[in-house]
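The primary structure of each chain is shown beneath.
2 protein chains.
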Amino acid sequence: MKIEHLISQIRKKKSFLCVGLDTDLDKIPKHLLKEEDPIFAFNKEIIDATHPYCVAYKPNIAFYEAYGLKGWRSLERTMEYLNTNHPELFTIADAKRGDIGNTSTRYAKAFFETLNFDSLTIAPYMGRDSVEPFLQFEDKHTILLALTSNKGAFDFQTKNVGAHELYKEVLTVSKTYKNSNRLMYVVGATKADYLKDVRNIIPDSFLLVPGVGAQGGSLEQVCQHGLNKDIGLLINSSRGILYASQGEDFAIMAQRQAKALQQHMEVELKRASLIA
Amino acid sequence: MKIEHLISQIRKKKSFLCVGLDTDLDKIPKHLLKEEDPIFAFNKEIIDATHPYCVAYKPNIAFYEAYGLKGWRSLERTMEYLNTNHPELFTIADAKRGDIGNTSTRYAKAFFETLNFDSLTIAPYMGRDSVEPFLQFEDKHTILLALTSNKGAFDFQTKNVGAHELYKEVLTVSKTYKNSNRLMYVVGATKADYLKDVRNIIPDSFLLVPGVGAQGGSLEQVCQHGLNKDIGLLINSSRGILYASQGEDFAIMAQRQAKALQQHMEVELKRASLIA
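Sequence order for the protein chains is U and B. Note that UniProt numbering has the first sequence beginning at 1, numbered continuously upward. Note that UniProt numbering has the second sequence beginning at 1, numbered continuously upward.
Any given hint might turn out to be false.
No copy labels: a pair is met if it fits in one copy or bridges any two.
Stated by the list, open to error - Here are the simulated lysine to aspartate or glutamate pairs, EDC-like style, with alpha carbons at most 16 Å apart: (1) K30 - D249; (2) K196 - E165; (3) K34 - E248; (4) K151 - D129; (5) K70 - E113; (6) K109 - D24; (7) K109 - D26.
Because the hints were derived from the structure by calculation, they are not lab data.
Could you put the whole structure together from the sequences, leaning on the hints where they help?
Structure below.
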């Protein structure tokens with residue numbers, strides 16, 4: 001997907017919400033467990049209910065891999081459903097991959113070609129030749145971990161490397177990668193006060209922001225420092241939407257949560273004069 | 001697998017060779033493409049031919065994921081074959097995963113439980129709470145990336161964080177993680193001159209060493225600085241063994257390569273007085 005298409009979808013829907021599909025058999029409504037593919041059945045209902053209020057879906061690949069072959073099949077079916085019925089929606093494989101060149105190329109094929117995702121999250125630790133293979137794919141987007149939403153982010157990411165923190169070094173160095181215009185970055189909502197510094201280094205890039213909701217990040221703060229002229233944000237919510245109810249009304253309750261977030265985002269977009 | 005079992009296998013076979021299963025449909029012998037599951041057929045012949053000379057197998061997960069559901073099935077069959085026929089062999093999922101806690105737990109289940117791997121490679125960028133979920137599994141081993149074999153390692157891993165390089169900070173900090181005795185580390189053979197410093201920080205841990213062969217690392221140098229009283233090394237070779245021949249003699253040629261590496265390792269073990 002071209003980035004212009006994502007931006008126009010955001011303006012049209014007045015939403016930069018990404019719904020994280022962290023689908024967990026222990027948490028989905030019990031009546032779905034009778035289905036032949038409960039994970040896909042759950043995802044389908046969530047997508048049907050929430051798609052008017054979001055612009056992106058982000059399957060968390062670990063949740064599918066944990067169920068082996070069956071989980072991988074559920075992921076394929078979810079992507080087939082999204083690509084067939086909602087090709088206008090941006091898709092993110094939250095996989096946090098990254099390896100030496102020939103291996104990264106394989107991961108790129110797995111997610112960009114076999115599963116036809118628009119984007120993929122990548123860990124930066126192995127450097128340039130672990131990231132550039134992903135950047136070769138036109139109209140595909142590589143979302144590099146910069147500053148993650150968890151506590152462990154303080155172990156290494158915020159430590160000083162020379163004049164500035166490691167996450168800033170990642171941002172700065174990654175701008176020199178070939179086809180770096182295809183990069184986006186993960187910056188956790190729980191670290192919204194860092195967003196000003198992030199925007200100084202990468203003013204134009206899209207940020208994928210996890211951590212609003214269950215992890216405690218604030219939507220207002222993220223918007224205040226993170227929005228740019230092209231909006232430049234995708235804010236993810238997973239558990240807060242998926243498990244708003246664990247009863248038969250789960251889809252309608254998920255829809256309400258998604259709609260509430262969309263309405264909040266609309267307010268923020270107006271406040272920033274990014275929509276009329 | 002208990003670490004004592006791995007050590008006793010190494011002493012028995014006089015080998016600390018790990019065979020990397022980076023199985024690529026474009027490189028395996030053409031006659032295997034007629035098989036119902038060419039990837040598994042290839043792996044099975046490689047395992048049958050090389051197992052007397054190695055102590056571990058390391059499927060590179062990207063190569064399986066690239067083929068989607070079919071690839072995942074080949075991986076499952078390969079693990080079933082290894083677990084059934086060669087339970088004495090150590091298995092490594094080269095997956096380079098790592099995510100926030102609840103997601104890391106899912107990856108741990110995928111590889112340690114669903115697929116029954118003995119160990120898994122992990123990227124350290126997200127810190128403590130992304131690694132500790134893997135360390136909860138008894139007799140399972142988490143292999144943290146420290147210093148990788150690729151050029152991109154110099155982007156971040158060797159940059160100074162305070163008094164020392166980032167990879168040393170990763171080694172040092174990870175020792176404070178809960179159940180850190182279940183950690184092993186990736187240190188590339190192409191950076192053998194760093195091994196002395198690595199051993200100063202983690203004298204007792206096992207190291208998984210990629211980069212001998214195709215990537216240019218030297219077995220002697222790795223042994224000189226990397227061996228410890230429990231051997232403490234697993235040296236991986238992938239392409240050099242798997243694709244020693246692309247004809248019908250591929251298995252016998254793979255065996256020769258594996259045997260040559262084993263014999264070289266035996267010399268090094270004797271030189272270091274680790275075996276009689």
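TODO: Just pull the numbers of the violated hints for me, sorted ascending.
DONE: Of the numbered hints given earlier, the structure breaks none, since each of them holds.
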